[in-house]
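Heads up: the protein sequence lines correspond to chains A and B, in order. If you count the first sequence from 1, you need to add 5 to reach this note's numbering. If you count the second sequence from 1, you need to add 5 to reach this note's numbering.
Misleading hints may appear alongside valid ones.
Note: identical chains are not told apart, hence a pair may lie in one copy or across any two.
With a straight-line cut-off of 30 Å between C-alpha atoms, the simulated BS3-like cross-links for lysine-lysine are [said to hold, decoys possible]: (1) K172 - K113; (2) K113 - K369; (3) K402 - K361; (4) K76 - K100; (5) K253 - K140; (6) K272 - K113; (7) K12 - K253; (8) K368 - K133; (9) K361 - K100; (10) K369 - K32; (11) K172 - K9.
Calculated from the structure, these hints are not laboratory results.
Chain residues, written in single-letter form:
Number of protein chains: 2
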Amino acid sequence: MEAKLVKDGGVTSAQGFQAAGIACGLKEGGAKDLALIVSDIPAEVAATFTTNAVKAAPVKVSMRHARNHTKIRGVVVNSGCANACTGVSGITDAKAMIEHAAKVTTSKPREWLVCSTGRIGTRLPMAKILKGIDKAADKLGSESGVEAAKAIMTTDTRRKECAMRFKVAGRKVTIGGMAKGAGMIHPNMATMLCFITTDANIDRTTLRSCVAEAVEMSFNRISVDGDTSTNDTVIVLANGAAGTPLLKSFHPQYPLFTKTLTQVMRKLARMIVEDGEGITRVVEVVVKGAANANDAKLATLAVSKSELIKCAWAGGDPNWGRIMAALGYSGARVREEMVEIFYDGVAAVVNGQPSKTPVARLKKICRQPKFTITINLHAGSAEHSVLTTDLTEEYVKINLGE
Amino acid sequence: MEAKLVKDGGVTSAQGFQAAGIACGLKEGGAKDLALIVSDIPAEVAATFTTNAVKAAPVKVSMRHARNHTKIRGVVVNSGCANACTGVSGITDAKAMIEHAAKVTTSKPREWLVCSTGRIGTRLPMAKILKGIDKAADKLGSESGVEAAKAIMTTDTRRKECAMRFKVAGRKVTIGGMAKGAGMIHPNMATMLCFITTDANIDRTTLRSCVAEAVEMSFNRISVDGDTSTNDTVIVLANGAAGTPLLKSFHPQYPLFTKTLTQVMRKLARMIVEDGEGITRVVEVVVKGAANANDAKLATLAVSKSELIKCAWAGGDPNWGRIMAALGYSGARVREEMVEIFYDGVAAVVNGQPSKTPVARLKKICRQPKFTITINLHAGSAEHSVLTTDLTEEYVKINLGE
């Protein structure tokens, strides 16, 4: 049995979850900038945080809470200010957000997580934030996922939500979520937030291993610009409201749970890449036949991060020469005369030299909004893949600053 | 005593060197595309080649010749076609260039080196090349350095030459050179060629250690777009025509030779960066106080390669938050609360948090065509620096392909 997509699904599709998204004045023009996600009953949590050594204050606070043995009641999120590089005051502010959210929902601060996203190096305007939490608590509702999804956006041009549903022992189990992110996107987490809720009945240890696997196969395989932010967070809450037997790893439906969680995350990850700043094409880079897993990763990342290659894609130019050069400096074991490169399955390079495919045919492929580049190094059997984008003049324009 | 700049100096400023630059039809519109550099007497050679695992055919051939114990008579160079990813035929073509150049100068093939630069993956039109070598041999002259400098250009907007002169035992010693490169520029060599000639009397071993040191302090410390090409080469020829005593490492003027060689290479390296594709600003990134040399390098490269940071520079935006994020993901040991960041000596970040410097003052600095960012990690005493550029819409436009 396969899980099915829930129409207009999001972070409140699973049973027993409410959300809200409101404007508290952090963003100009009255756009929504504060969200709450609340589980009616305490939920198990699994979370992944940025690997950046410079971590934002909310990341530091949430890491501690997520590691505790308490269950979680909710998450408070603001956009417009990252609360990063704000020192001890930033920690105080992040804790104040949590304390206030706990107070208005009659729960405990340690049952809360906090996230911020936006510009680095400025303090949060706490008076606005606290009033905003009051306002959001009043608007909590089990159909307000869409409002929350709007409130976490920064340079995103559209909201990112999805949900899927399957059955365990005759009862419906839903996994739904929302994400934000468009720039500073790169494997090992980016300016990227993702919140997933599920009513699955699953214990913490099992949930955490599922989440680690799903993150590795989704958010750790996308790249827009190679920059990893100080605030990246994926939070998964599981409240058990579906009322099924406990999903341990030996449960027959356990593989379906992991698979569906991965699918939901991959869908959200793809939405982030498709909304990449200024992009015109989404490119999947697949490296096969690498000598080992690390080589596969090195080769994939060199190709998916090269400014020169990404500019060629923007121009719809196959330019496999730049790909050969990137493979060469990637650090992976590469024997030039063994390399094959395919564009949507059509050979461009065979034995390290141009194939007989007419360039016009390759160009047609590279002018599509989506295509796949498959590279076979013929040096072993390891594989890796990354979903990436082209690099356009528009990306530069967006990131010039004020 | 200091070495002095030679006015309009270049690859033929040193005694006993001739050059030529002619058009043989590789480039459209009749632009020069083939150069010869010839030493009247056999010269010692020291050369550095790309670290890319995918090496162009001329690189493979020249590496072998430069490692032999023969002295070198000359170098033949073409622009417009890189002769890379061309398999065994490419090697045959590179050897044919050398054989023909040796024949027309009545020297031996093993006394020649060959370089190519341009697009990857197409064969050289050998009939044109061989005729071009004949034509260039006819035009060889000791004042034709400028013609050769024009003939090696690809996306360069201006030619890159310089020479310096000093005295050893009362006799003039000259070090002069030319370079090309504008895109695909990154430490460990790039689409970058550099040819240096000197009439210094120096043995091969001493020359090689000087060149290794000078390359490390010059070409290995520049970055335009982080891409390392398949063709990068630095060749230094020393023919001893100055007639001085042999410059061994214990000679009192030996430090001046190394220093001057480094200065010539740094000048040429800076010219490459200043001619970077589409750039509007040259930025020196200096990392101090790193825990060790590798950390210093990691931190410097993360900052000087970040697309996001380079876009901010294009916009004249200090955006030190992006620098903090890059330091955090660089892999170097970074304690946020210890980090200091200065723009042209003016503090932007102190103790990991914004300084009291008005943003307007930092912006004024970042709107200059040149500025220096100094980062102190306060984790040790290692230092590194890289000369890099901003990333503009123009760079993207140039690299879109046809």
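Looking at the structure, which of the earlier hints fail to hold? 1, 2, 5 and 6
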